Amino acid sequence: MMKRILSTLFLGSVLTISAQVGINTDAPKATLDVNGDIGFRGKIVVLNTTDNSLTQGTNDQLLVSQGTGYPPIWKTLRIPEYEPNKFYLIYNNSFSDNAGIKFTSGEQATITTSRSATFTKGADISTLQGFKKIAGLSQEIDVFSTQSKAYFQFETVVQADFSANGTTDTSIDYACGIFVDDKLVNLRQRNLKASNASYSFLTHNQIGIVDNLAKGKHKVSVACSRLASFGESNRTLAVGTNTNTNINGFIAQSSLKVDVYEVPEVFNTIIN
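Per mature numbering (1 follows the signal peptide of the UniProt record, and there is no 0), the sequence shown runs over residues -19 to -1, 1 to 253.
For the record, the hints were derived by calculation from the structure and aren't laboratory data.
Bear in mind the structure is a predicted one, so any value in this text is a computation, not a measurement.
Honestly, I wouldn't trust all of these hints.
In silico SDA-like cross-links for lysine to any residue, where the CA-CA straight-line distance does not exceed 25 Å [unchecked claim]:
#1 Lys114 with Asn79
#2 Lys24 with Gln47
#3 Lys67 with Asp123
#4 Lys56 with Thr36
#5 Lys130 with Gln187
#6 Lys102 with Ala195
#7 Lys83 with Ala209
With the hints as constraints, model all of the structure from the sequences given.
Right under this line is the structure:
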């Protein structure tokens, strides 16, 4: 009995003196260093140093480190539960550009065939005459599934340096296209007319959709072209920028929003 008491006292003094305790290790590297598996039959609790209360967390919470010198805290881990054959928003981003592009009358496209024959889905930008890209809207996106729907929303301001009180026949035809990997996926054609005020402008809105892009990275871009002019000659057309100070670059800037919805191909089992 005396030996047991002495052993207990000796062990207690060692634990009190030593700053580190090792279990199954002779060289502990922490206050308590356990080399091996740990099995808990009770509860894990964390001391709240503010009010000295003990918290044991709730279902689905994890114990997360706050870094050196700080106690761990309980955090809720939220894992999205995907249902098969349903689309989910996987990629979402938006871009802007205030540099824009300009076209002189000498940069007008010469289309030798009809516009309906020229502007076809999937046409390569190199085959479409006079198109200029809006630099800040050329961006890379990611697609992770073979089943996807990509939505593109493009908005800008188009202005021409028409004089005041232009006739109704004074106008410029232009077109803007949305491209994926330099292939045309959407195009809108419009006409900007002169008005009783000089330097007329309009807001251009455009939405494009493309299904089932190949898995991997894709380059999205927006480009526009000057197609035809009527009435006054030698007028400049600006897209995403201004030709006069009645509007500024902030007002005229371009934006592109990209949303990619996918049917996820990998489903991880969620264990509560």
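Hints, verified against the model:
{"no.": "1", "hint": "Lys114 with Asn79", "verdict": "13 Å, holds"}
{"no.": "2", "hint": "Lys24 with Gln47", "verdict": "21 Å, holds"}
{"no.": "3", "hint": "Lys67 with Asp123", "verdict": "19 Å, holds"}
{"no.": "4", "hint": "Lys56 with Thr36", "verdict": "12 Å, holds"}
{"no.": "5", "hint": "Lys130 with Gln187", "verdict": "17 Å, holds"}
{"no.": "6", "hint": "Lys102 with Ala195", "verdict": "17 Å, holds"}
{"no.": "7", "hint": "Lys83 with Ala209", "verdict": "14 Å, holds"}
In this structure, every one of the numbered hints holds.
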